[in-house]
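Peer 1: The primary structure of each chain is shown beneath.
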Amino acid sequence: MNKARGWRWAAAALAGVLAVAVTTAAMAWGGETRERSGRVPVPALPDAQGKECIEDAGTMRRQHMHILDRHKRDSVRQGIRHPERELQSCVDCHAVREPVTAGEPLTPRQRLAFCANCHSYAAVSLDCFQCHSSEVSAPVNQGGPQ
Amino acid sequence: MSEEQHNDRSVNAERRRLLGGAAALAGLAIAPGVFLVQAAVPTRPDGTPATDQVRWGMLVDTNRCRTNCDACVTACRDENGWHGHGRPETDVKWIRKITITEEDGRRTSLPMMCQHCAKPPCAYVCPTGATFRRDDGVVLVDKHLCIGCRYCMMACPYQVRFFVHEPVAADSPNHPRGKGTVEGCNLCVHRIDRGVLPACVEACASSGRGALIFGDLNNPRSEISRAIAAHGAESVRADLKLDTGVRYQGLS
Ligand code: SF4
Ligand code: SF4
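Protein chains in written order, with our numbering: chain A, 17 to 162; chain B, 3 to 254.
Be a bit skeptical, because a hint or two may be false.
Think about it this way: if two alpha-carbon atoms lie no more than 20 angstroms apart in a straight line, the pair counts; the simulated EDC-like pairs of lysine to aspartate or glutamate are [stated by the list, open to error]:
id : chain 1 : residue 1 : chain 2 : residue 2
1  : B       : K95       : B       : D144
2  : B       : K181      : B       : E168
3  : B       : K181      : A       : D143
4  : B       : K99       : B       : E236
5  : A       : K88       : B       : D137
6  : B       : K121      : B       : D241
7  : A       : K88       : A       : D143
8  : B       : K121      : B       : E168
9  : B       : K95       : B       : D48
10 : B       : K95       : B       : D80
11 : A       : K88       : B       : D48
12 : B       : K181      : A       : E100
13 : B       : K181      : B       : D80
14 : A       : K88       : B       : D144
15 : B       : K99       : B       : D137
Distance windows between CB atoms, simulated [to be verified]:
id : chain 1 : residue 1 : chain 2 : residue 2 : range
16 : B       : C151      : A       : L142      : 48 to 54 angstroms
17 : A       : A64       : B       : R89       : 39 to 45 angstroms
18 : B       : R98       : A       : G54       : 58 to 64 angstroms
19 : B       : Y126      : A       : V112      : 41 to 47 angstroms
20 : B       : T64       : A       : A139      : 53 to 59 angstroms
21 : B       : K243      : A       : D143      : 20 to 26 angstroms
22 : B       : K181      : A       : P115      : 23 to 29 angstroms
23 : B       : E91       : A       : G54       : 33 to 39 angstroms
24 : A       : T75       : B       : N65       : 45 to 51 angstroms
25 : A       : A154      : B       : R68       : 28 to 34 angstroms
26 : A       : P121      : B       : H167      : 43 to 49 angstroms
27 : B       : T50       : A       : D63       : 29 to 35 angstroms
28 : A       : C69       : B       : P222      : 19 to 25 angstroms
Don't read these hints as lab results, they were simulated from the structure.
Ideal Cβ placement from N, Cα and C applies to all residues, glycine included.
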């Protein structure tokens, strides 16, 4: 009797562990599955010009604001330049170039759809470009501006 | 370049020596005292902070400067995107041409911009620490901190700071501009940090009259120090003893 109950507990525990494992695996694939299912809206991110970002996508997704904040202080106050970490370098790589409506110039929001789409999805206001330019810099200036 | 190399002063010194040599070659004299190309700015490697080993300065030779020339002003406007709205009272003007008339009627034309004081009244009064003097002598506004109180504008004796009252037509990738903050000449930090001369100096040499010299006041061998040693130079309103980084020749 006691033995039978023990087996039942073991089976329940095993089922629980399996359920957790399956859920974790599903979550790991979740991003892709959700995108494929088409039922949950996800932000559309236009392709970048470059091949590689300064960090992997996951780190950038979570840490880009801290990286930019640190670089902002270092570069403005002490003149420590890291061209690849400048906001303007992000713009030069991620900005949309082709007009969305033929013949019409891009609006700043269209140009920076990469930032704006995700920020509006996450409901986080995007203030950088109230002052910083959303224009792609001239090649001579790339990797240089403040 | 690796992080270790960045921090290695001997590499830095070596680079400076090589660059100095290259600059000497680039600045081939076509006649004594007349240079074809101005010596380039010594560069500081990426990833290293500005230090007080360098003090950036500018020398204006008013004997060469002419009333009808504004090459420096136009170049600065294009570089830093401060195109105005035709409202002189409120428009931003990082650099402007002024004419001084002496008592004997002699007129001197000169460009006036932030003088990059070593003892900057603007920074002393700033309540937020937005205005500060970088270690290499450039006086800047950190617009992330500026609250637009305009104390600095009142403290500055040269009237070279401006409040951005309204949006400018086009924004400049070279210079982020916030409505409601104060700005002024920053000696083109974005250019000098990568070894390029300020836009006004470049324009004065190419389409103006070659009246501007930019360089390191701390280095006795720099072009600017040699010119000051040879012919002297003074500050506008030298009586205020602000130890300006911008100096003028031919004022008195
Ligand atoms: S000239 Fe005016 S704005 Fe420039 S450092 Fe001196 S006090 Fe400050
Ligand atoms: S306007 Fe900005 S920079 Fe000038 S004193 Fe006020 S906070 Fe400082």
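Peer 1: Against this structure, judge whether each hint is valid.
Peer 2: Hint-by-hint comparison with the structure:
The suggested pairing of K95 (chain B) with D144 (chain B) holds, with an alpha-carbon distance near 18 angstroms, which does not exceed 20 angstroms. The hinted pair formed by K181 (chain B) and E168 (chain B) meets the criterion: a straight-line CA distance of about 6 angstroms does not exceed 20 angstroms. A distance of roughly 13 angstroms separates the Cα atoms of K181 (chain B) and D143 (chain A); the hinted pair therefore holds under the 20 angstroms criterion. Between K99 (chain B) and E236 (chain B) the CA atoms are separated by roughly 18 angstroms; this keeps the pair inside 20 angstroms, and the hint holds.
As the CA atoms of K88 (chain A) and D137 (chain B) are separated by approximately 17 angstroms, the hinted pair is consistent with the 20 angstroms bound. Proximity of K121 (chain B) to D241 (chain B) is assessed by CA-CA distance (about 13 angstroms); at most 20 angstroms being required, the pair is judged to hold. Restraint check: the Cα-Cα separation between K88 (chain A) and D143 (chain A) comes to about 14 angstroms, which is no more than 20 angstroms; the hinted pair holds. A distance of roughly 30 angstroms separates the Cα atoms of K121 (chain B) and E168 (chain B); the hinted pair therefore is violated under the 20 angstroms criterion.
Annotation: proposed proximity of K95 (chain B) to D48 (chain B) is violated, straight-line Cα distance about 30 angstroms (limit 20 angstroms). Pair hint K95 (chain B) plus D80 (chain B) holds up; C-alpha atoms about 12 angstroms apart against a cutoff of 20 angstroms. Between K88 (chain A) and D48 (chain B) the alpha-carbon distance is near 14 angstroms, which keeps this suggested pair within the 20 angstroms criterion. For the suggested pair K181 (chain B) and E100 (chain A), the alpha carbons sit about 27 angstroms apart, so the restraint of at most 20 angstroms is broken.
Only pairs whose Cα atoms come within 20 angstroms are accepted, and K181 (chain B) paired with D80 (chain B) is accepted, the gap being roughly 19 angstroms. Distance hint between K88 (chain A) and D144 (chain B) is fulfilled; the C-alpha atoms sit about 10 angstroms from each other, no more than 20 angstroms. Annotation: proposed proximity of K99 (chain B) to D137 (chain B) is violated, straight-line Cα distance about 28 angstroms (limit 20 angstroms). In this structure the supplied range 48 to 54 angstroms is violated for C151 (chain B) paired with L142 (chain A), their Cβ-Cβ distance being about 26 angstroms.
Between A64 (chain A) and R89 (chain B) the beta carbon distance is about 40 angstroms. The supplied range of 39 to 45 angstroms therefore holds. At roughly 59 angstroms, the beta-carbon separation of R98 (chain B) and G54 (chain A) lies within the given 58 to 64 angstroms, and the hint holds. Between Y126 (chain B) and V112 (chain A) the C-beta distance comes to about 45 angstroms, which sits within the given range of 41 to 47 angstroms. A beta carbon spacing of about 57 angstroms between T64 (chain B) and A139 (chain A) agrees with the range 53 to 59 angstroms that was offered as a hint.
Our hint of 20 to 26 angstroms for K243 (chain B) and D143 (chain A) is violated, since their Cβ atoms are close to 41 angstroms apart. Checked against the hint of 23 to 29 angstroms, the C-beta distance between K181 (chain B) and P115 (chain A) comes to roughly 27 angstroms, which is consistent with it. At roughly 57 angstroms, the beta-carbon separation of E91 (chain B) and G54 (chain A) lies outside the given 33 to 39 angstroms, and the hint is violated. For the hinted restraint 45 to 51 angstroms between T75 (chain A) and N65 (chain B), the CB-CB distance of approximately 57 angstroms leaves it violated.
For the pair A154 (chain A) and R68 (chain B), the beta carbons lie near 30 angstroms from each other, so the given range of 28 to 34 angstroms is met. Taken as a hint, the range 43 to 49 angstroms is violated for the pair P121 (chain A) and H167 (chain B), whose Cβ atoms sit roughly 26 angstroms apart. The beta-carbon spacing between T50 (chain B) and D63 (chain A), approximately 34 angstroms, falls within the hinted interval of 29 to 35 angstroms. Between C69 (chain A) and P222 (chain B) the CB atoms are about 45 angstroms apart, so this pair departs from the stated range of 19 to 25 angstroms.
Violated hints, listed in ascending order, are 8, 9, 12, 15, 16, 21, 23, 24, 26 and 28; each of the other numbered hints is respected by the structure.
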